[in-house]
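Residue numbers (the working numbering), protein chains in the order written: chain A, 1 to 354; chain B, 1 to 354; chain C, 1 to 385; chain D, 1 to 385; chain E, 1 to 79; chain F, 1 to 79.
Watch out, some of these pointers could steer you wrong.
Listed below are the simulated EDC-like cross-link pairs for lysine to aspartate or glutamate, each with C-alpha atoms no more than 20 Å apart in a straight line [claimed, not checked]:
id, chain 1, residue 1, chain 2, residue 2
1, A, LYS20, A, GLU41
2, D, LYS101, A, GLU203
3, B, LYS154, B, ASP123
4, B, LYS154, C, ASP114
5, D, LYS331, B, GLU203
6, C, LYS129, A, GLU41
7, A, LYS154, B, GLU348
8, C, LYS2, E, GLU60
9, D, LYS129, B, GLU348
Covered stretches of chain A, as calculated for chain B (at least 3 residues, CB under 8 Å) [unchecked claim]:
id, stretch
10, 55 to 61
11, 271 to 278
Please keep in mind that the hints were generated in silico from the structure rather than gathered at the bench.
Cβ atoms here follow ideal geometry from the backbone N, Cα and C, with glycine treated the same way.
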Amino acid sequence: MTALPTSPRQPEFGRKLDLKQGRIDLTHGAGGRASAQLVAELFAPAFANEWLAQGNDQAIVPMPAGRLALTTDSHVVAPLFFPGGDIGTLAVNGTVNDLAVGGATPLYLTAGFILEEGLALADLARVVTSMAQAARAANVRIVAGDTKVVERGKADGVFITTAGVGVVPEGVRLDGAQARPGDAVLVSGALAEHGLAVLSQRENLGFDSSIVSDCAALNGLTVAMLAACPSLRLMRDPTRGGLGNTLNEICAQSDVGMRLDETALPLRAPVRAACEFYGLDPLYIANEGKLIAVCADEDADALLAVMRAHPLGRDAVRIGTVIDDAYRFVRLTTSFGGERLVDWLHGEMLPRIC
Amino acid sequence: MTALPTSPRQPEFGRKLDLKQGRIDLTHGAGGRASAQLVAELFAPAFANEWLAQGNDQAIVPMPAGRLALTTDSHVVAPLFFPGGDIGTLAVNGTVNDLAVGGATPLYLTAGFILEEGLALADLARVVTSMAQAARAANVRIVAGDTKVVERGKADGVFITTAGVGVVPEGVRLDGAQARPGDAVLVSGALAEHGLAVLSQRENLGFDSSIVSDCAALNGLTVAMLAACPSLRLMRDPTRGGLGNTLNEICAQSDVGMRLDETALPLRAPVRAACEFYGLDPLYIANEGKLIAVCADEDADALLAVMRAHPLGRDAVRIGTVIDDAYRFVRLTTSFGGERLVDWLHGEMLPRIC
Amino acid sequence: MKYVDDFRNSEIARGMAARIHRAVERRRRYRLMEFCGGHTHAIARYGLTALLPPQIELIHGPGCPVCVLPVGRVDSAIELALDHGVTLCTYGDTLRVPGSKRMSLYKARAAGADVRVVYSVSDAIALAKAEPAREVVFFGIGFETTTPPTALALAQAREMALDNFSVFGNHVLTPAAMRHLLAEDADQSARLDGFIGPSHVSTVIGVAPYRAISRDFVKPVVIAGFEPLDVLQSVLMLVEQINQCRADTENQFTRAVTEAGNTRAQALVHAAFETRDSFEWRGLGAVPQSALAIRSEFAQWDAERRYALVPRVAADVKTCQCGAILRGCAKPSDCKLFATVCTPATPFGACMVSSEGACAAHYQYGRFVAPALSSARAPRAVTSA
Amino acid sequence: MKYVDDFRNSEIARGMAARIHRAVERRRRYRLMEFCGGHTHAIARYGLTALLPPQIELIHGPGCPVCVLPVGRVDSAIELALDHGVTLCTYGDTLRVPGSKRMSLYKARAAGADVRVVYSVSDAIALAKAEPAREVVFFGIGFETTTPPTALALAQAREMALDNFSVFGNHVLTPAAMRHLLAEDADQSARLDGFIGPSHVSTVIGVAPYRAISRDFVKPVVIAGFEPLDVLQSVLMLVEQINQCRADTENQFTRAVTEAGNTRAQALVHAAFETRDSFEWRGLGAVPQSALAIRSEFAQWDAERRYALVPRVAADVKTCQCGAILRGCAKPSDCKLFATVCTPATPFGACMVSSEGACAAHYQYGRFVAPALSSARAPRAVTSA
Amino acid sequence: MCLAMPVEVIELLPEQRARASVDGVTREISLALVDNVVPGDFVLLHVGFAIGKLDRAAAEATLAQLAELGRQPGEGATP
Amino acid sequence: MCLAMPVEVIELLPEQRARASVDGVTREISLALVDNVVPGDFVLLHVGFAIGKLDRAAAEATLAQLAELGRQPGEGATP
Ligand code: SF4
Ligand code: SF4
Ligand SMILES: [Mg+2]
Ligand SMILES: [Mg+2]
Ligand SMILES: [Mg+2]
Ligand SMILES: [Mg+2]
Ligand SMILES: [Mg+2]
Ligand SMILES: [Mg+2]
Ligand SMILES: [Mg+2]
Ligand SMILES: [Mg+2]
Ligand SMILES: [Mg+2]
Ligand SMILES: [Mg+2]
């Protein structure tokens, strides 16, 4: 044999990918040379880890003892980039958080990319870099991936579906069905910032504000919470559908109701103003770096203290109490002392005139 | 409390989803009532299993001892339905197979759906039913899922990204890097049938034939092969990019070349004819129910016998031999005794005039 | 939020409530209609009913321009989008409004129609300018508040000779509806002791139109802001008028409503629109002189003429009690369909369509003791966020 | 496959090869140009070179209509799709053909152009009929084989008054290119001992055009089918002619080529097209009388006129040896760019563009000892199928 | 109802447009329906248009009235 | 080259179209460029069009020639 390197290698690619000016075309999805080049010059260096580097059809990874937590989310946000993040940070944190709120330690992610023909490679590179950074920050490895390219007009830039694998330590048993009357309902910080940050970038709707997506990985916070609070019943991240819809989900699962205190809801001034502008209800707007926790009433203060000691829980507050309710309603005591229902979201949150 | 049932439940949905005439609209993706209804009336009954039924942000599942295998694939086939299968069967089998060819026992799948506004609910129901059937047939559970809806013209009916989790039994160590000069290269059956079955349904290209997608779950076959052949180096499913590209991947990983025998390649007559019609090379056309295996030369016959005893390996044949080659070329000995290279696929496989 | 939060002070509200309690005469009933959904919203959202003495009964009026859009007009909008292949630009509120045969603009989109949500009519004008090959129709809905921007758009379209733009006009007039409620039958009139008058509508049209109503029907009207303190103050003002047997039009919302209103806006509206002889209101039926049509000078930009839309007559759902509710003769919980098959996600009638509708507001904010829930007991969710 | 597999019999091939071995004169060289890419393909695909005696040298000709498309014409196609906003319908072969500035139709699509792969020109006609608002341009490329369907499409477009359809015509003529190769310089002519003549081209144009070439340049031509046995038989026929000092045109492909060719197709082509004075061939430069232009009677359906395309002159890549290779003066491995920066995925020259090009065929089928490979040593794949 | 909110005009722009602000959220609005607006004025914003000016003196007067009316009997209110 | 293959016409269709078949794969083709084709004829198919008829007698003759030429010397070939 000649002096060729003995390590496995790609086919020759000719010139390098033009990550500044280039665009995705259909050849990048056809599974041949151009697909391999995209992987070799963009994904592999960004996500580098030994399992990914195996280059097999599957990653084979070690797994600590415990039960396995699995989750998946598809990400389709438009625009792809928004104040505080992009679809890449979202794709990592969204899935990490769904593991973390189950009490799991997130370990591995897989990522499936659906790219629209014509996507600027620079945009893709930016998204991939964000994913790599977010994965490092959350201490998870992206161990398997897939890329498809569809014709222009058959996707919207890039869609990313991540799946996550985590391990649930012995003794941890969180479940959306465990809320009990009397329990405290906590939220880790200010609401509705992700959804409004995205909305602020939409054509025709564009507004300027200091609102930045709260997109963040919550597994550091959840570890601290699990350690501190043995009575923790459940956690959940109020993403799509917002706090309002997520609390209704919990009430349905646990066969309880809730009573919230409107004055306790953490809403920053620009969020209130932007919602007023467009007729939106902040209770139904997505968060991507917040969690809801339900715990025994007597442990609530201690848990809040632990949450507030973590950078992502600094503004944690108790927003209400689980109650016995045959209708499983989420009831809000208004600042006027009245009451209203916080129902399941119906339809979309759209700007309204009335 | 009243006599309400004590089991958790959905919000009231009003009338049922119209699975015959209805269409996906944006509310089905907004995370509120309509999203919950889609899950409750379509996905949950189809995929029913205890972990999915937990309704948490993550499924927490038991896991036998062993190393963990992880994989993902995004599925974007057009049209959605084709002879022998649909995007649903593909989404399950494609991911099951990527686990199986790693020597893993596939256990759990997650599924992320991206739906285009306007998708007929009947089509979605058909796809979901196919997935459920395929999952049962492959003995895997779909334990977590997600659904997003994008505006018309921003997707193509439905995209499905599945991720798979399997366990690799003790002692099994397959790897694309393990092919050694002298090893036998086997394929489990006739080539190029999936890709042509899909192509036959494309507008403008439509042809009639008996060609049917080979889409199938290979985990039964791989179990038999693993049990029978201790020298098994690796398996791989030659999907996108076909046999030609997949063999090049293996050569690159293992730092070897291969010599194939053209007369041994299993190609059925209609496949050869359809390729001749459109100027396509069957070596680069996708398979979805076939695998390539590499094993020690001396074990090849025994392994072939085991493969042929399985319904999905009935037409298994040896197609070539691994060789020492500094250039890692896949060389094909033609039926004329000449030689040609089977290179990496470049570009797409498109119908040609010359 | 300046000039907003100040009017939401719960401390003052409690004091106001005490004052109202003191002001009411024990044996008397005060049946007050809040005409506008904005007031309905504030009442439900802040739980004001609980603060008021039992003598005061608040009756929800037909003041939601989305809810009152009749089936036939929704059908025509769907026809424009589906059959005429136009790009229909609309405020987000209209997407769920039911047309006939369970259609809606949401479903029309799913069936292939190009329906776009805009925040402002200017967005529709901009789209038409940017894409001359596209036929853009703006779905003009709303009360007098929303009409001036549409009138301005028509004036701009003419000025720019923008010939791929038109307006499907459905703007309606609040005083006409108030008169209709009072005039239709004597019982009705007798059942109402006063009106909490429109807020932002009045910013545009001023106080004068209500003075005539007070005089003609001998009913007190207090024009009120949409914040909870505005509502409470207006209730107090109405109680005082009723106690004193007065029937005047008074203005609580002085910070945004003048006697003459916004004359510039009025002139623009007058230039582009004329009054229709009659117009169908969902729940109310035909109401004379209650809506605007685009003037013939703007025929080219009038989608009704441009696409030769044939008026569609389609009946409201029979069991729906909206008509009675809008007239103040029934409550949402009186309707058999309420919260069973008629929900905000699958609305049947006017009152459930917008979150400001009486049924929707009751569903969202006031349904503390719900009727027997639907028996749909579906399995749990497969997907989670 | 009937009439296909019969001509791929390897047993007979070995016998044919033995006969050729016996037929060649030991000291003689037989330099035979296979004009068509189809023959190049068969030679590479079946490894025929290995079967032939060393005296026979096969030289790849310019017979790939995609490869010879010059940069300027590709640029014009891209201009049509990107700047004139038409829907460009094209055979799949053209998508990777490089224009200037590293553009291609693949990249034009990515940049927003509406470029659609069709299997047949009829698909383009059908699209234009179905969508009258769309301007459809068919990218007409190919030799005499592919021209008649384009001619028919022009006739149909005229008959149907299909005024949103046109053809960007780039059809080229093989005999003109053969003549050019022989006429251009005496050396070139001296280096070729005979031609394996076109196969399916000849089905259309018949035998006559080659008789004139045999006569004018005293070169033997054997019209040959594209199957491997056809090639071997034709080589034998050429060897025999050369041994006998004959320079005739003979027809091995009698099953599909007649003396007169397909006169119906010829008439259709003649009605729609006329000969251009000169046309640029990638690798060969300007070749007189070597291509067809759409007749002025069809001006309305001629994209060149319709969109007032200005002829674009763009040079081939300098270091590319295509010109020499197409003339038979160099081999792919003589080119510095071969398999380093010029690959089928990133082709520079005519010979790498289509899989039938000499460089592509050598890359795919014959690159047993590759030149020093590029030093790109990228990490392994993250994704796997 | 007709959603509208008081916003402060912070900058006049060409073509009868302006920047308006509430609590740090700003966006462009149209002043085509109102006369004589200057930065610092509050206007009532509806579907992107100022539909009227807010009379700050009247607003303060209403607030003063409300404060007065809302005072509990024991707090020494004037009648 | 110009990809073309012999296909058998199995059914004539209106408007100069036909169904053609090879080894169980069938599709519609155009006969507009050729004369007098009947079912059972083989035509040369290129980009959806029959560009010429296949002369079956000539094909058989060529095959016979090839068989003859390809016979190894020891096999008793005629010259
Ligand atoms: S609940 Fe529905 S059907 Fe009943 S009155 Fe209200 S809107 Fe009409
Ligand atoms: S290898 Fe590329 S650059 Fe070199 S002659 Fe061939 S086509 Fe031209
Ligand atoms: Mg999830
Ligand atoms: Mg998530
Ligand atoms: Mg797009
Ligand atoms: Mg995979
Ligand atoms: Mg796969
Ligand atoms: Mg589509
Ligand atoms: Mg979640
Ligand atoms: Mg989800
Ligand atoms: Mg695979
Ligand atoms: Mg893959």
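Structure-based check of all given hints:
1. LYS20(A) - GLU41(A): Measuring from Cα to Cα gives roughly 13 Å; hence the hint holds.
2. LYS101(D) - GLU203(A): Distance of about 33 Å is beyond 20 Å: violated.
3. LYS154(B) - ASP123(B): holds (18 Å)
4. LYS154(B) - ASP114(C): holds (13 Å)
5. LYS331(D) - GLU203(B): violated (41 Å)
6. LYS129(C) - GLU41(A): violated (43 Å)
7. LYS154(A) - GLU348(B): holds (17 Å)
8. LYS2(C) - GLU60(E): holds (11 Å)
9. LYS129(D) - GLU348(B): Status violated; Cα separation ~28 Å.
10. 55 to 61: holds (count 7)
11. 271 to 278: n = 0 at 8 Å, threshold three: violated.
Violated hints for the displayed structure, listed by number in ascending order: 2, 5, 6, 9 and 11.
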